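Chains as they are written, first to last, in the working numbering: chain A, 1 to 130; chain B, 131 to 191.
There could be a bad hint or two in this list.
To be verified - SDA-like mimics (lysine to any residue), calculated; alpha carbons at most 25 angstroms apart, straight line: (1) B/Lys-163 with A/Phe-104; (2) B/Lys-163 with A/Asp-106; (3) B/Lys-163 with A/Thr-37; (4) B/Lys-163 with A/Arg-105; (5) B/Lys-163 with A/Pro-58; (6) B/Lys-163 with A/Glu-46; (7) B/Lys-163 with B/Thr-184; (8) B/Lys-163 with A/Arg-33; (9) B/Lys-163 with A/Leu-100; (10) B/Lys-163 with A/Val-57; (11) B/Lys-163 with A/Leu-117; (12) B/Lys-163 with A/Gln-45; (13) B/Lys-163 with A/Arg-103; (14) B/Lys-163 with A/Asp-31; (15) B/Lys-163 with A/Leu-16; (16) B/Lys-163 with A/Ala-12; (17) B/Lys-163 with B/Ser-182; (18) B/Lys-163 with A/Ala-42; (19) B/Lys-163 with A/Phe-51; (20) B/Lys-163 with A/Asp-44; (21) B/Lys-163 with A/Pro-30; (22) B/Lys-163 with A/Asn-34; (23) B/Lys-163 with A/Ser-19; (24) B/Lys-163 with A/Leu-35; (25) B/Lys-163 with A/Ala-48; (26) B/Lys-163 with A/Gly-24; (27) B/Lys-163 with A/Gly-129; (28) B/Lys-163 with A/Pro-77; (29) B/Lys-163 with A/Ile-20; (30) B/Lys-163 with A/Asn-39; (31) B/Lys-163 with B/Ser-185; (32) B/Lys-163 with A/Thr-96; (33) B/Lys-163 with B/Ile-132; (34) B/Lys-163 with A/Ala-38; (35) B/Lys-163 with A/Val-56.
Said to hold, decoys possible - Per label pair, the in silico range of CB-to-CB distance: (36) A/Leu-16 with B/Arg-143: 19 to 27 angstroms; (37) B/Leu-176 with A/Asp-3: 21 to 29 angstroms; (38) A/Leu-100 with B/Arg-143: 29 to 37 angstroms; (39) A/Ile-76 with B/Ile-132: 30 to 38 angstroms; (40) B/Met-140 with A/Met-130: 16 to 24 angstroms.
These are computed hints drawn from the structure, not numbers from a lab. Please read all numbers here as calculations on a predicted model, not as lab measurements. A virtual CB, placed ideally from N, CA and C, is assigned to each residue, including glycine.
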Amino acid sequence: MKDPTASLVLAAHLALLSSISFGGFPTVLPDVRNLVTANGWATDQEFANFFAISQVVPGPNMILMMSFVGLKVGGIPGAITSAFATFGPPCLMYYTSYRLWDRFRDRPWQQVVRRGLAPLTIGLVIAGGM
Amino acid sequence: MIATGIRLLMPHRRRQTALLFAALAFTGMVVAKLPLLVVLLGLAPLSIAVASITSPRARTS
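Turn these sequences into a full structure, and let the hints steer you where they fit.
Written out as structure tokens, the structure reads:
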């Protein structure tokens, strides 16, 4: 399947998910699987294969895995778009937030926010393993 | 991934509210099968609010 619209839908979805993937991209893998299988872009077995292949090679595994998904959906352009959609938005967010976070580094609310978000992240990481 | 999550949880194991919110996030995703955004937007403000009440530093400042 080499549908440019599908590639764009996938990229938009990946960009959104990567922006909220606290605890790492594996926390949103179930959502990606639902999108991909519901649209018939890949089967459950293919998705599991992408995961397995991406885990046995070194480097940024989830970017590679999303490239595989993008490759299946839209060929080489789909793979490149998916990879950028996976790491682009979080990089931009991290850069912006770090600058803001660093500016207010001594404020007490920073510790409170960290203490509040840490358990949620942990719960999502464990849920990602189920 | 489960092991990583448990390892991350270890430093927070004495905080009952942390365990509660980790369990709620897990339950929301795995048991209730809620969308991630719903779980995050529902629990994050609550968790931060509870942390602000229970945080020693917040109480003393």
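Taking the hints in turn, this is what the structure says about them:
1. Between B/Lys-163 and A/Phe-104 the CA atoms are separated by roughly 36 angstroms; this puts the pair beyond 25 angstroms, and the hint is violated.
2. A hinted pair counts as satisfied when its Cα atoms are at most 25 angstroms apart, and B/Lys-163 with A/Asp-106 does not qualify at roughly 38 angstroms.
3. In summary, the hint linking B/Lys-163 to A/Thr-37 is supported, as the alpha carbons are separated by about 17 angstroms, within the 25 angstroms threshold.
4. Between the alpha carbons of B/Lys-163 and A/Arg-105 the distance comes to roughly 36 angstroms, so the proposed pair goes past 25 angstroms and is violated.
5. For the suggested pair B/Lys-163 and A/Pro-58, the alpha carbons sit about 31 angstroms apart, so the restraint of at most 25 angstroms is broken.
6. Only pairs whose Cα atoms come within 25 angstroms are accepted, and B/Lys-163 paired with A/Glu-46 is accepted, the gap being roughly 22 angstroms.
7. A threshold of 25 angstroms between alpha carbons decides the hint, and for B/Lys-163 with B/Thr-184 the separation of about 29 angstroms lies outside it, so the pair is violated.
8. Of the pairs offered as hints, the one joining B/Lys-163 and A/Arg-33 holds, with about 14 angstroms between alpha carbons and a cut-off of 25 angstroms not exceeded.
9. Only pairs whose Cα atoms come within 25 angstroms are accepted, and B/Lys-163 paired with A/Leu-100 is rejected, the gap being roughly 34 angstroms.
10. This hinted pair does not check out: B/Lys-163 and A/Val-57 have alpha carbons roughly 30 angstroms apart, beyond 25 angstroms.
11. As the CA atoms of B/Lys-163 and A/Leu-117 are separated by approximately 20 angstroms, the hinted pair is consistent with the 25 angstroms bound.
12. For the proposed pair B/Lys-163 and A/Gln-45, the alpha carbon gap of about 21 angstroms is at most 25 angstroms, so the pair holds.
13. About 38 angstroms separates the Cα atoms of B/Lys-163 and A/Arg-103, which puts this hinted pair outside 25 angstroms; it is violated.
14. The straight-line distance between the Cα atoms of B/Lys-163 and A/Asp-31 is roughly 10 angstroms, inside the 25 angstroms bound, and the hint therefore holds.
15. For the hint pairing B/Lys-163 with A/Leu-16, the CA-to-CA distance comes to about 19 angstroms; that is within 25 angstroms, so the pair holds.
16. Distance hint between B/Lys-163 and A/Ala-12 is fulfilled; the C-alpha atoms sit about 22 angstroms from each other, no more than 25 angstroms.
17. The suggested pairing of B/Lys-163 with B/Ser-182 is violated, with an alpha-carbon distance near 28 angstroms, which exceeds 25 angstroms.
18. Our distance criterion of 25 angstroms between C-alpha atoms is met by B/Lys-163 and A/Ala-42, whose separation comes to about 21 angstroms.
19. Simply put, B/Lys-163 and A/Phe-51 have alpha-carbon atoms about 21 angstroms apart, close enough for the 25 angstroms limit, and the pair holds.
20. Simply put, B/Lys-163 and A/Asp-44 have alpha-carbon atoms about 18 angstroms apart, close enough for the 25 angstroms limit, and the pair holds.
21. Restraint check for B/Lys-163 and A/Pro-30: satisfied, since their Cα atoms lie roughly 10 angstroms apart, inside the 25 angstroms limit.
22. About 12 angstroms separates the Cα atoms of B/Lys-163 and A/Asn-34, which keeps this hinted pair within 25 angstroms; it holds.
23. Restraint check for B/Lys-163 and A/Ser-19: the C-alpha separation of about 20 angstroms stays at or below 25 angstroms, so the hint holds.
24. Between B/Lys-163 and A/Leu-35, the direct Cα distance comes to roughly 15 angstroms. Compliance with the 25 angstroms bound is thereby established for this hinted pair.
25. At most 25 angstroms may separate the alpha-carbon atoms for a hinted pair to count; B/Lys-163 and A/Ala-48 meet this at roughly 20 angstroms.
26. Under the criterion of a C-alpha separation no larger than 25 angstroms, the hint pairing B/Lys-163 with A/Gly-24 is consistent with the structure, at around 19 angstroms.
27. Taken as a hint, the B/Lys-163 and A/Gly-129 pair is honoured in the structure, with Cα atoms around 14 angstroms apart against an allowance of 25 angstroms.
28. A C-alpha spacing of about 33 angstroms is found between B/Lys-163 and A/Pro-77, which places the hinted pair above 25 angstroms, so the restraint is violated.
29. Of the pairs offered as hints, the one joining B/Lys-163 and A/Ile-20 holds, with about 17 angstroms between alpha carbons and a cut-off of 25 angstroms not exceeded.
30. For the hint pairing B/Lys-163 with A/Asn-39, the CA-to-CA distance comes to about 19 angstroms; that is within 25 angstroms, so the pair holds.
31. A distance of roughly 30 angstroms separates the Cα atoms of B/Lys-163 and B/Ser-185; the hinted pair therefore is violated under the 25 angstroms criterion.
32. Proposed proximity of B/Lys-163 and A/Thr-96 is contradicted: the alpha carbons are some 32 angstroms apart, above 25 angstroms.
33. Between B/Lys-163 and B/Ile-132 the alpha-carbon distance is near 18 angstroms, which keeps this suggested pair within the 25 angstroms criterion.
34. Our distance criterion of 25 angstroms between C-alpha atoms is met by B/Lys-163 and A/Ala-38, whose separation comes to about 16 angstroms.
35. Restraint check: the Cα-Cα separation between B/Lys-163 and A/Val-56 comes to about 29 angstroms, which exceeds 25 angstroms; the hinted pair is violated.
36. The hinted range of 19 to 27 angstroms is not satisfied by A/Leu-16 and B/Arg-143, whose Cβ atoms lie roughly 33 angstroms apart.
37. About 41 angstroms separates the C-beta atoms of B/Leu-176 and A/Asp-3, a value inconsistent with the hinted range of 21 to 29 angstroms.
38. Separation of A/Leu-100 from B/Arg-143 is about 31 angstroms and conforms to the stated range, judged on CB atoms against 29 to 37 angstroms.
39. The supplied range of 30 to 38 angstroms is met by A/Ile-76 and B/Ile-132, whose beta-carbon atoms lie about 35 angstroms from each other.
40. The beta-carbon spacing between B/Met-140 and A/Met-130, approximately 19 angstroms, falls within the hinted interval of 16 to 24 angstroms.
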